[in-house]
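Protein chains: 2
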Amino acid sequence: MRLLLALLAIPYERVELDIVKGETRTPGFLEKNPNGRIPLLETEDGKLLAESNAILFYLAEGTSYMPNDPFARAQVMQWMFFEQYSHEPNIATVRHWIMHLGVSEEQRQVLAQKQKQGYAALQVMEKQLQNHEFFVAERYSIADIALYAYTHVAPQGGFELESFPAIRAWLDRVSQQPGHIPITQG
Amino acid sequence: MRLLLALLAIPYERVELDIVKGETRTPGFLEKNPNGRIPLLETEDGKLLAESNAILFYLAEGTSYMPNDPFARAQVMQWMFFEQYSHEPNIATVRHWIMHLGVSEEQRQVLAQKQKQGYAALQVMEKQLQNHEFFVAERYSIADIALYAYTHVAPQGGFELESFPAIRAWLDRVSQQPGHIPITQG
Chain S
5 MRLLLALLAI
15 PYERVELDIV
25 KGETRTPGFL
35 EKNPNGRIPL
45 LETEDGKLLA
55 ESNAILFYLA
65 EGTSYMPNDP
75 FARAQVMQWM
85 FFEQYSHEPN
95 IATVRHWIMH
105 LGVSEEQRQV
115 LAQKQKQGYA
125 ALQVMEKQLQ
135 NHEFFVAERY
145 SIADIALYAY
155 THVAPQGGFE
165 LESFPAIRAW
175 LDRVSQQPGH
185 IPITQG
Chain C
5 MRLLLALLAI
15 PYERVELDIV
25 KGETRTPGFL
35 EKNPNGRIPL
45 LETEDGKLLA
55 ESNAILFYLA
65 EGTSYMPNDP
75 FARAQVMQWM
85 FFEQYSHEPN
95 IATVRHWIMH
105 LGVSEEQRQV
115 LAQKQKQGYA
125 ALQVMEKQLQ
135 NHEFFVAERY
145 SIADIALYAY
155 THVAPQGGFE
165 LESFPAIRAW
175 LDRVSQQPGH
185 IPITQG
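Residue numbers (our numbering), protein chains in the order written: chain S, 5 to 190; chain C, 5 to 190.
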């Protein structure tokens, strides 16, 4: 989201909330997003939009980061739903546990399952990128942006990218796009 | 997906695969969808599209089931990503375990967590539906279709809908739409 905002040169104010401290579960924030999750986009006229990939969809529409062809658009959505269902709950969650929460003895089994499913998601990406420069229509789109966010920091969650050469080459391509900025520090 | 195909009167051939029997993990199916998941749409000219909500997006574009307003469109996507991230992995998965797989002693704790998160998702839906006839723009859209699929069968997974009157009224509204068909038997 910050990456796309930067690429599109859209000015914005950033408000940081600490999930671990419960700042996304305060009555004030739950009034804005009843699901208690970040990111949340607030427009100048006060409209609120949740879900990172819905925000990317909203910001990218009409720009080069979202294709015009109906089937290519659906493929962008396919990869964004893949990101939310098969990638983020495993790769981002394992990284979050390891970096911020620690892993209790009881969570070991769930962790192992998430590691396995995270590698399975990376394998699906690798297969697509073996024959494609970018995920959809051979051009950089919000499908790439959505998947880049937690893939390029996957090693911080213990995911080794050694055996995924196509992913590593794609990470380089994304980071070399004009206007690229560093993201996903937290 | 079957519901939208019926509403739009699009003819299709249905191929059923049994997840429990591993029919979505055969080499032949993995060739079509490397992520090994159903549903998968195959168009007349042989194009393949995975992810249930990407399929809904593709089929609904240009019809009354997807709004034209850019922000309303993004809100539809918001609820569809909510469905995939916060609803399906809890409500549909718990139902699948209970109906088809059974719950091992080791899974009890994960089950309890998923039950809690499933009820949290229902609470988010209830809040939205307390003031709205449908999820977005006061009209029946693919956001409703996506969320209807596993909400109307949630009691089969042990989720009680007694304390969600707005959800129950919305389920009735959806099932009373012209052209409605029964879905989610499996």
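Just so you know, not all the hints are guaranteed correct.
Note that the list lumps identical chains together, so a pair holds whenever it fits in one copy or between two copies.
What the hints assert, rightly or not - Each computed DSS-like pair below joins lysine-lysine, with the alpha-carbon atoms no more than 25 Å apart:
(1) Lys25 with Lys120
(2) Lys120 with Lys36
(3) Lys51 with Lys120
(4) Lys131 with Lys51
(5) Lys118 with Lys51
(6) Lys36 with Lys131
(7) Lys25 with Lys36
(8) Lys131 with Lys118
(9) Lys25 with Lys118
(10) Lys120 with Lys131
No lab work stands behind these hints, which were simulated from the structure alone.
Cross-check of the supplied hints:
1. Taking the shortest alpha-carbon separations for Lys25 and Lys120, only the inter-copy value of 20 Å comes in at or below 25 Å, while the best intra-copy value is 29 Å.
2. In this homomeric assembly, Lys120 and Lys36 come within 25 Å of each other (Cα to Cα) only across copies, at 22 Å, whereas the closest approach inside a single copy is 35 Å.
3. Within a single copy, Lys51 and Lys120 get their C-alpha atoms no closer than 39 Å, and across copies no closer than 29 Å, so neither meets the 25 Å cut-off.
4. Taking the shortest alpha-carbon separations for Lys131 and Lys51, only the inter-copy value of 17 Å comes in at or below 25 Å, while the best intra-copy value is 39 Å.
5. For a Cα distance limit of 25 Å, the shortest separation of Lys118 from Lys51 qualifies neither inside one copy, at 35 Å, nor across copies, at 31 Å.
6. For the identical chains of this complex, Lys36 and Lys131 are inter-copy neighbours only, at 12 Å across copies versus 39 Å inside a copy, given an alpha-carbon limit of 25 Å.
7. Taking CA atoms no more than 25 Å apart as the test, Lys25 paired with Lys36 passes inside one copy only; the shortest distance there is 18 Å, against 44 Å between copies.
8. Taking CA atoms no more than 25 Å apart as the test, Lys131 paired with Lys118 passes inside one copy only; the shortest distance there is 20 Å, against 31 Å between copies.
9. Taking identical chains as interchangeable, the C-alpha atoms of Lys25 and Lys118 lie at most 25 Å apart whether they share a chain (24 Å) or sit on different chains (22 Å).
10. For the identical chains of this complex, Lys120 and Lys131 are intra-copy neighbours only, at 17 Å inside a copy versus 36 Å across copies, given an alpha-carbon limit of 25 Å.
The structure fails hints 3 and 5 (numbered hints given earlier, in ascending order).
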